[in-house]
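Chemist: We have chain U already, so just place chain C on it with the hints.
Residue numbers (the numbering used here), protein chains in the order written: chain U, 1 to 270; chain C, 1001 to 1289.
The hints are simulated quantities; they were obtained by calculation from the structure and are not laboratory data.
Using N, Cα and C, we set each Cβ at its ideal position, and we do this for glycine too.
Treat the hints with care, as some may be off.
[What the hints assert, rightly or not] To give an idea of the chain U side of the interface with chain C (calculated C-beta under 8 Å), a few residues:
#1 S10
#2 F14
#3 L74
#4 I77
#5 M212
#6 N215
#7 I223
[Stated by the list, open to error] Taking lysine to any residue pairs in the SDA-like style, the calculated list, with each CA pair at most 20 Å apart, reads:
#8 U:K153 x C:Y1228
#9 C:K1166 x U:K89
#10 C:K1113 x C:L1209
#11 U:K92 x C:Y1095
#12 U:K89 x C:S1210
#13 C:K1277 x C:T1103
#14 C:K1019 x U:Y201
#15 C:K1102 x U:I209
#16 C:K1019 x U:C197
#17 U:K153 x C:L1209
#18 U:K89 x C:V1073
#19 C:K1277 x C:S1261
#20 U:K91 x C:I1098
#21 U:K153 x C:F1064
#22 U:K89 x C:K1277
#23 U:K92 x C:C1164
#24 C:K1166 x U:I150
#25 C:K1166 x U:Y239
#26 C:K1019 x U:R265
#27 C:K1113 x C:M1001
#28 C:K1019 x U:E103
#29 U:K153 x C:F1002
#30 C:K1019 x U:K153
#31 C:K1019 x U:T93
#32 U:K153 x C:V1073
#33 C:K1113 x C:Y1214
#34 C:K1102 x C:F1002
#35 U:K92 x C:G1099
#36 U:K92 x C:M1001
#37 U:K153 x C:Y1095
#38 C:K1019 x U:L210
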Amino acid sequence: MRIELRKAFSGWKFVVTFLILCIISAGSALYVITGSFRDVFHAGENPMLGVTSVYKYWMGNDWDSWFSSLYFFLFPIAAVMPAGLSLYKEKKTNYTAQMLIRENKNVYYLHKYLAAFISGGVIVCLPVILNIMVVASRFPFRTPDLNYDIYYKIQPFSFASGLFYTRPWLYLILRLAVIFLYAGLCAVLSTSVSFICRNRYIIVFTPQILFMAVNFCNMAFQIPYELSPIKFLGAGNTYIVASSVVFGEAALLIAVSLALFVFGRKRDVL
Amino acid sequence: MFCKILGYDIKRGILNSYKGHILTVLLSIFICISFACEYTRFYELKSAHYLDILFFAFAGSPKFVPGKDMPFVFPLFWATIFLLPLYLSSYYPFYDLIGYGKTILIQSGSRYKWWLSKTIWCILRIAAYFLTIYLVALVFCLVMGIPVKYSVTENAHSMVINSCYKADVYAPGEYALLGFNGQMGILFLLAPVVVLSVLSIIQMTISLLSTPVYGFLLSAVILVSSTYYLHPLFIGNYLMVLRSDRLFSGGVNDVSGSAISLILIVLVTAVNLMIFKKYDILANVFKDE
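Next comes chain U alone, as it looks inside the complex (with noise of 0.2 Å):
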């Protein structure tokens, strides 16, 4: 295991793509922050104090700068690049076969989905924090106030609302350890694909081409629920996020993967 994770967060790929998540963060941050110093100048009339909050302005809820929307649009790419591919890789070098040997197969298999989870779980979430650091050091953690709700972009009844008015950290808690959920799943995805597929850039694509494709059902056949991880798990909804949503797709994505894990093991000679 110890090994397996090591090869996810040495590569120059993670640290490339680690890189890339990070500025983009930075400049969600740095939009913000310059932005409440243009402000500055109609503080006499209305402070609005509800709003200056960490809790408005980190990148989940950052709705105002094309940042946000940019990074969890590429989330599913960039979790997919430190240890999506190991396996493929491993398989075509026949590196697998001489650790099969070595080791016992369902361990040996285990130990490089939970490097693929953590490490894509990592890379994502990691500049988010970052984010909210960097947020912190210009905005307070205020409690969001409900008299400014339309600032805010939660809508009433969606993904643990009551929670961001009542206990905002536990709320930023959770929505972290969302963001953290999708991205090592889209790592698992990616690995269990490896199984069933030759062509790297199918593997390392799609979860990103499934979440577009879920958008697009949203679009065509009118779902008043936001369906794509893409759009929920940042800023840029545009209908309710509901939580057995993001809870039933996370557990459809797992089913999905374990089923292409049996399915691929089931073929493979070794």
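Modeler: Positioned in the frame of chain U, the structure of chain C alone reads:
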């Protein structure tokens, strides 16, 4: 020799890549269904025209003004349509270089010919993608009894405008709705091919210098930033109907967009040829594999 390489690329990278064509046809069917669902909420489907489907698909998003209590909603529907061809054209040159292309590159005796062939291939791949969308939309019209007319109806125009345009967000005369006669011009169909060809060629360069994924990321950054900034230099603006100067004052002009894109194609190709002349491309490709 050049014609032989190009013919080989067209055969292997366009005619034989049936999976990519299936994906394009599926996407086109989805576009047509989306249009039909949206249009029939307000009007009779048979009152639509052929061009309405493409007008709806290429709508994009209106000009964004930060700090006006207007959320930036990323047009994912539009982005999917314009990112898919970039994805489809991303991996063939790379795969070719690690496969047969390596031998052809040596036997042709000219790096320029190989690279020029790949550049033309990129343009043809993008053209094939849009041709598929246009043809599927045409078949959809014939099946559903929609008149095949090259003009946008008043219904489709108001449907697209009313779905996202809010006049009170903009300063007077800043982004005002203009009188529209339904004519979009032939560049409406050609501009996406020319503009995306630029991105595809840039993407190919990045792909061969690093990996195709980073090339694709750069294209995504250019397209996403274009949805945020309405400026002639952000070439993604030329791909959005809602940024056109036919519809809004201060919009971008598709003639100048196509001209800028053509100049960029020539410039990028020239720069690429200079880089490719000396660059140890094979070592870099195998490092990634």
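Chemist: It remains to establish, for every hint, whether it holds in the given structure.
Modeler: The hints, checked one at a time:
With a least beta-carbon distance of about 16 Å to chain C, the hint placing S10 of chain U at the interface is violated under the 8 Å criterion. Interface restraint check for F14 of chain U: the shortest CB-CB distance to chain C comes to about 13 Å, outside 8 Å, so the restraint is violated. Proximity of L74 of chain U to chain C holds as hinted, the smallest CB-CB distance being about 6 Å (cut-off 8 Å). A distance limit of 8 Å between C-beta atoms decides the matter here; for I77 of chain U the minimum to chain C is near 6 Å, and the interface restraint holds.
Because the beta carbon of M212 of chain U sits about 5 Å from the nearest beta carbon in chain C, less than 8 Å, this interface hint is met. For N215 of chain U, the suggested interface contact is upheld, since its CB lies about 5 Å from the closest CB of chain C, less than 8 Å. Among the interface hints, the one on I223 of chain U is violated; its C-beta lies about 11 Å from the nearest C-beta in chain C, farther than the 8 Å criterion. Taking the CA atoms of K153 of chain U and Y1228 of chain C, the gap is about 19 Å. The hint holds against a cut of 20 Å.
Using a Cα cut-off of 20 Å, the hinted pair K1166 of chain C and K89 of chain U is violated, with the two alpha carbons roughly 50 Å apart. Taken as a hint, the K1113 of chain C and L1209 of chain C pair is honoured in the structure, with Cα atoms around 18 Å apart against an allowance of 20 Å. Between K92 of chain U and Y1095 of chain C the alpha-carbon distance is near 15 Å, which keeps this suggested pair within the 20 Å criterion. At most 20 Å may separate the alpha-carbon atoms for a hinted pair to count; K89 of chain U and S1210 of chain C meet this at roughly 17 Å.
As the CA atoms of K1277 of chain C and T1103 of chain C are separated by approximately 17 Å, the hinted pair is consistent with the 20 Å bound. Simply put, K1019 of chain C and Y201 of chain U have alpha-carbon atoms about 13 Å apart, close enough for the 20 Å limit, and the pair holds. At most 20 Å may separate the alpha-carbon atoms for a hinted pair to count; K1102 of chain C and I209 of chain U exceed this at roughly 30 Å. For the suggested pair K1019 of chain C and C197 of chain U, the alpha carbons sit about 13 Å apart, so the restraint of at most 20 Å is met.
Taking the CA atoms of K153 of chain U and L1209 of chain C, the gap is about 41 Å. The hint is violated against a cut of 20 Å. With a CA separation close to 38 Å, the supplied pair K89 of chain U and V1073 of chain C exceeds the 20 Å bound. The hinted pair formed by K1277 of chain C and S1261 of chain C fails the criterion: a straight-line CA distance of about 24 Å is larger than 20 Å. Note on K91 of chain U and I1098 of chain C: the hinted pairing holds, with a Cα-Cα distance of about 18 Å set against a maximum of 20 Å.
Restraint check for K153 of chain U and F1064 of chain C: satisfied, since their Cα atoms lie roughly 17 Å apart, inside the 20 Å limit. Restraint check for K89 of chain U and K1277 of chain C: the C-alpha separation of about 30 Å exceeds 20 Å, so the hint is violated. Proximity of K92 of chain U to C1164 of chain C is assessed by CA-CA distance (about 48 Å); at most 20 Å being required, the pair is judged violated. Note on K1166 of chain C and I150 of chain U: the hinted pairing holds, with a Cα-Cα distance of about 17 Å set against a maximum of 20 Å.
The straight-line distance between the Cα atoms of K1166 of chain C and Y239 of chain U is roughly 19 Å, inside the 20 Å bound, and the hint therefore holds. A hinted pair counts as satisfied when its Cα atoms are at most 20 Å apart, and K1019 of chain C with R265 of chain U does not qualify at roughly 25 Å. Distance check on the hinted pair: K1113 of chain C and M1001 of chain C sit about 8 Å apart at the alpha-carbon level, within 20 Å; holds. Taken as a hint, the K1019 of chain C and E103 of chain U pair is broken in the structure, with Cα atoms around 37 Å apart against an allowance of 20 Å.
Proposed proximity of K153 of chain U and F1002 of chain C is contradicted: the alpha carbons are some 56 Å apart, above 20 Å. With a C-alpha separation of about 40 Å, the suggested pairing of K1019 of chain C with K153 of chain U is violated against the 20 Å cut-off. Among the hinted pairs, K1019 of chain C with T93 of chain U is inconsistent with the structure: their alpha-carbon atoms are about 26 Å apart, more than 20 Å. Proximity of K153 of chain U to V1073 of chain C is assessed by CA-CA distance (about 12 Å); at most 20 Å being required, the pair is judged to hold.
Our distance criterion of 20 Å between C-alpha atoms is broken by K1113 of chain C and Y1214 of chain C, whose separation comes to about 25 Å. Our distance criterion of 20 Å between C-alpha atoms is met by K1102 of chain C and F1002 of chain C, whose separation comes to about 15 Å. Between the alpha carbons of K92 of chain U and G1099 of chain C the distance comes to roughly 15 Å, so the proposed pair stays at or under 20 Å and holds. Between K92 of chain U and M1001 of chain C, the direct Cα distance comes to roughly 34 Å. Violation of the 20 Å bound is thereby established for this hinted pair.
Restraint check: the Cα-Cα separation between K153 of chain U and Y1095 of chain C comes to about 44 Å, which exceeds 20 Å; the hinted pair is violated. Restraint check for K1019 of chain C and L210 of chain U: the C-alpha separation of about 16 Å stays at or below 20 Å, so the hint holds.
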